[in-house]
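Enquirer: Sequence:
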Amino acid sequence: MKKISLAAVVLSFVMGQVAFATSSDTTTSSSTTGSTPDQTMTTSTSSNPSDQMGSHCGCGNHMKQMLSALNLDSSQQTKVQAIKSQLMQTLQANREQMKSIRSQIRDLVTSDTLDDAKLNSLVDQKKELIAQMMKAKVTAKQQVYSLLNDQQKAQFKQMLQQWEQDRENHKC
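Letter by letter, the sequence shown follows residues -21 to -1, 1 to 151 in mature numbering (1 follows the signal peptide of the UniProt record, and there is no 0).
One or more of the hints may lead you astray.
[To be verified] Pairs of lysine-lysine, DSBU-like flavour, derived with a Cα cap of 30 Å:
(1) Lys106 to Lys116
(2) Lys120 to Lys78
(3) Lys132 to Lys58
(4) Lys120 to Lys132
(5) Lys106 to Lys120
(6) Lys78 to Lys97
(7) Lys136 to Lys114
(8) Lys132 to Lys114
(9) Lys97 to Lys114
(10) Lys78 to Lys106
(11) Lys136 to Lys120
(12) Lys116 to Lys58
(13) Lys136 to Lys58
(14) Lys116 to Lys78
[Claimed, not checked] Between beta-carbon pairs, the in silico distance windows are:
(15) Leu139 to Gln65: 20 to 30 Å
(16) Asp52 to Ala96: 48 to 58 Å
(17) Asn128 to Thr89: 47 to 57 Å
(18) Thr92 to Glu147: 41 to 51 Å
(19) Lys136 to Glu75: 26 to 36 Å
(20) Lys114 to Asp145: 22 to 32 Å
(21) Lys132 to Gln60: 17 to 27 Å
(22) Lys114 to Gln140: 20 to 30 Å
(23) Asp95 to Ser53: 48 to 58 Å
(24) Asn73 to Gln137: 22 to 32 Å
(25) Asp95 to Gln130: 35 to 45 Å
(26) Gln68 to Asp129: 22 to 32 Å
(27) Arg85 to Gln137: 36 to 46 Å
Since the hints were made in silico from the structure, they are not lab data.
For every residue, glycine included, the Cβ atom is placed at its ideal position computed from N, Cα and C.
Take the sequences, apply the hints, and build the full model.
Expert: See the structure below:
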């Protein structure tokens, strides 16, 4: 019974990964929209990974819109670009590791016997990668926020709160 339950959990986990990988691959078509240190962005269909920075359902780009609305001066824009560039390097390295983990999980699913130790190791690796990516994104957002003047910070907070409400209603 334990093996069946574990197999069901693993299968649902893998299917979720396959669905995630498939949905990520389908976002590589027409228009190019911006790259931002945000995990969710509006309709990004670019094949450029920097344009999709963690977008899961293709309904993101909020950070780009927010930064555009803040009317950053050229100094702020230059600094934001540097922050985004650093973030993209970090995220790209983590994405490559995530692909490897997904591949290894697929191998486990199609093996004759389930290696519980290997599965647990892969789950732990994935949790660590997700944590690293989340930390990198939050750090980048905070670095961008620290560049803003008081008026921009107030506007940023208001837009962030609105975005969170919209996201909650949309269930991204």
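Enquirer: Checked against the structure, which of the hints given earlier come out wrong?
Expert: 25
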